[in-house]
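Peer 1: Going line by line, the protein sequences match chains D and A. Heads up: the first sequence at position 238 corresponds to 298 in our numbering, and the numbers run straight through without jumps. Heads up: the second sequence at position 258 corresponds to 268 in our numbering, and the numbers run straight through without jumps.
Just so you know, the hints here were simulated from the structure itself, not pulled from any lab data. Keep in mind it's a predicted model, so treat the numbers as computed, not measured. We put the beta carbon where it would ideally sit given N, CA and C, even for glycine. It cannot be assumed that every hint is accurate.
[To be verified] Facing chain D, according to a computed beta carbon distance under 8 Å, are these residues of chain A, among others:
hint	residue
1	Ala252
2	Arg256
3	Cys263
4	Pro265
5	Phe268
6	Val273
7	Thr357
8	Phe360
9	Ser382
10	Val398
11	Asn402
[Claimed, not checked] 35 Å max Cα-Cα, derived DSBU-like pairs, lysine-lysine:
hint	chain 1	residue 1	chain 2	residue 2
12	D	Lys269	D	Lys285
13	D	Lys450	A	Lys324
14	A	Lys415	A	Lys324
15	D	Lys285	D	Lys309
16	A	Lys324	D	Lys440
17	D	Lys450	D	Lys440
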Amino acid sequence: MLQYAFRRILWMFPTFFLISMVVFTLVSLAPGNPGQSGGTENASTGASVQSEAVIFFKRQFDLDKPVLLNTRWTIGTPEVRELVVTAQAVEGEPSPAARLQATTALEDLGNYLVRHLMVLLEEDPNPEVRRLAAAYLIHAAALPMVSERIGDAEVAREENRFREGYNSALRGLSCAPGAAAGCQEEVTTAWRSWWEAERARYEYTGLEKLQATFLDTRFARYWWKLLHLDLGVSPNRVPVLDTLLLKLKYSLTISLGSVLLAYLLAIPLGVWSAVRSGSRGDAVLTVALFIMYSLPTFFTGTVLLRLLSVGDPVAWFPVGGFESDPVSPTTLGRIGDVIWHIALPVATSTSVALAALSRYARSGVIDVIRADYIRTARAKGLEEPVVIVKHAVRNGMIPILTLLGGILPVLVSGSVVIEVVFNIPGMGSFLVDSITNRDYNAVMAVLLASAVLTLVGILISDLSYALVDPRINLD
Amino acid sequence: MTESPRPAPQDDPSWAEIVWGQFRKRTLAWVAMWGVLLLLAVAIYAPVFVSNTPFVWVTADGTSFPWFGTLFDRTHYPSGIDLFFNTLLVVGTLSFGPMIWAWRRVELRPRRERTAARQRLVGVTAAGWALAFLAVLAAGLQRPEVYYEEEAARLEAAGTPATAVWPLVRISPGDTDVTRSMAPPTAQHWLGTDAAGSDVFARLVYGTRVSITVGIFAVSLYCTFGTLLGAVAGFFGGRVDALLMRLVEVVICIPSLFLVLAVAAFIPERSIFHIMLIIAGVAWTGPARLVRAEFLRLRELDFVAAARAAGFSKAQIIFQEILPNAIGPVLVSATFGVASAILVESTMSFLGLGDARVPSWGQILATGRTYSSWVLILAPGFAIFTTVSLLNLLGEGVRDALDPKLRS
């Protein structure tokens, strides 16, 4: 059993990795990244670059990196020259769209440009291209800031101070258009000596190329942060993890509450209708559960809210929120308050799961009740309640245990609708809000968190199934 | 030794006919099927009952039949869905009689001949309809909109009233008028109006078209895709199977509605076809698993070994031999799938992530919630509930009819 559990848990990791890959690719395909705003002319160098703030933002969110695979080390000097020439309209008149595209590409390529820009700076026949090469080198050679949320913040701050100084030292190394004749010579010499010192960093060995291909990507960087429990920050600079944990508390309370309630109600209902199978009571229950099953959650929720909260006709329950503000001073009072708040959401959420569960419970018991050992139990004179509860129900409940794994994702999914309808600040409404705010870090985090919940749910149901049914061979 | 050829018995039923016979015995499922057909009829014949253009328009200038002209007009029906159903309205109605006649004509033929003839009939009809729809799309008629209601009022005022034969409800779902925003039900607007002043009843009727299209197209799409993948995985097994099942596991572990909403949000100007694609992209795992399991079971059976021995190609074995025997569970899950696709679509439009340009039930309900209007909550809620429960009942009927254990 332990070995089985261990193996199951180990399998979760590759699955989670694949899930993160799929979700990450999907989220990265999303249009309207914050970095896609237009470029502005930089007065001092004449190089059209996007504002410092946009570049900072892109670097911070790694939006300048390719998503899964990085092949930027394969770029050649002629291609880089083409980009520079297009971005600055040095030769010919490229369209504004092409210029913007080239500008963005130059920014995103970052330090992969350094080697080629050095060549252009030294050897290009066009003096304008040589001048621009120096201007672009300033951006390409700048060291990116490191995250202060991973590891020792003091060390990171120290490192960033150093990098700041390094970058600002480079900043003067270019000439304005139409500067004095000796300027370009001076700048070229300065870059040459810089290149002598830093050369090793920009000439990639085979291993470094491999490393760059797989690790200098958005996905790898996301995972690096994920391993340090850093899910990034929202546009309002609040770490996503903090928000997520808070939201998770609300959503899990409602989901687990409904799972518990659904099982507590479904088992007796299922057993009752199985024992009275074919009677009028069974028929009425079947119809009622069928209706519950076919009602959409958002409809049930809206109707319950109107009937019991808005005051049309009564206002017994609050119209939204997870608990009152300020919270009740006593623990018991607080629990009561939360229950009062989540009663309707839990009821709505339960109604979805209840119908399916009790149907399964019913057919589980019906299957068992015809078995020989039940007849034996009756024949040896056991009381009917003992036969049903001890012999039939225990065996008939095995199938509905497996449903747990399937119900959890449904309930987590359903939380979107329920939280939006009942105004609960949980994970579902967090997802909808993040989508409207284009907060991709948060969307990623919610999708991953829900996947983890589902994986755990499936694990629990598999394990409990294996535990309860001795016929299942574990190894 | 010679053997006289045995004449084919006249009443030897095919598999489809056995299942059909079983299905007919189930009263509830039979009623549900007629309910679904009724919904389909509402979707197809919506313009006959609800349209702002009269069938016949008689003025001093002469007589015209403007309603027929609007059917294939992109100005009047901007959505492709409406054009599709309007094509069905014309072509379907015209071909209905001949189809029934051709179907009945082969009633007494031997089974093989009868089945082949009927399959050919269905294929030819479907191809004909598809061609007609493509022709309508390609024609892309566009004429300036004429508001006959205003025209009638103008002529009335001028003292030369027009004689017109109107549809039952004289308004189209896209007609807006903010001066009558959120009006309560009246004789003119049976279910009142929404925030933009559109007629809720008209939107509800045309919403049937949207729901049914999403349901049927999304499900056919993902069933085809899932079946193919499942067949390949189950037939070849080994590494292909392991890889595909891993992919299935990955998709299953992401709560589907979360995934659907996230993807929908990333599509600027999403149309109803995007929504179908998204739903299909999440739901294909169901049929894939079902078909794979069936293939794993069936490929070990003798008839497959016989086909191999007879030198059939792999594609022949998969598609001609095994697939027809593995399709049953997919049929059942497809029927339930239509219901859940409709639910997902209405949930998406309820949350404001659907196609805002087509009338949708979820969107009406969202308006009802925002403006606290009982009519706008109950009417679409009832429509969704009816459709979903009819489809669920139908699904149960199909499941029971396909189950050989329940045959009497």
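Peer 1: Hint by hint, say whether it matches the structure.
Peer 2: Verification of the supplied hints:
The beta carbon of Ala252(A) comes no nearer than 12 Å to any beta carbon in chain D, farther than 8 Å, and the hint placing it at the interface is violated. With 8 Å as the threshold, the beta carbon of Arg256(A) comes within range of chain D, its nearest partner Cβ sitting at about 7 Å, so the hint holds. Interface restraint check: Cys263(A) against chain D, minimum CB-CB distance 5 Å, threshold 8 Å, status holds. For Pro265(A), the suggested interface contact is upheld, since its CB lies about 4 Å from the closest CB of chain D, less than 8 Å.
With its C-beta approaching chain D no nearer than about 5 Å, Phe268(A) sits inside the 8 Å limit, and its interface hint holds. Evaluation of the Val273(A) hint against chain D yields a held restraint, the C-beta minimum of about 6 Å falling below 8 Å. This hint holds: Thr357(A) has a C-beta 6 Å from the nearest C-beta of chain D, less than the 8 Å allowed. For the restraint placing Phe360(A) at the interface with chain D, the shortest Cβ-Cβ distance is roughly 5 Å, inside the 8 Å limit, so the hint holds.
With a least beta-carbon distance of about 7 Å to chain D, the hint placing Ser382(A) at the interface is held under the 8 Å criterion. A hinted interface residue such as Val398(A) counts as satisfied when its beta carbon comes closer than 8 Å to some beta carbon of chain D; here the least separation is about 5 Å, so the hint holds. Annotation: Asn402(A) was flagged as interfacial toward chain D, and the flag holds, the nearest CB pair being 6 Å apart, inside 8 Å. With a C-alpha separation of about 22 Å, the suggested pairing of Lys269(D) with Lys285(D) holds against the 35 Å cut-off.
Restraint check for Lys450(D) and Lys324(A): not satisfied, since their Cα atoms lie roughly 52 Å apart, outside the 35 Å limit. Note on Lys415(A) and Lys324(A): the hinted pairing holds, with a Cα-Cα distance of about 31 Å set against a maximum of 35 Å. Under the criterion of a C-alpha separation no larger than 35 Å, the hint pairing Lys285(D) with Lys309(D) is consistent with the structure, at around 23 Å. Of the pairs offered as hints, the one joining Lys324(A) and Lys440(D) is violated, with about 58 Å between alpha carbons and a cut-off of 35 Å exceeded.
Under the criterion of a C-alpha separation no larger than 35 Å, the hint pairing Lys450(D) with Lys440(D) is consistent with the structure, at around 14 Å.
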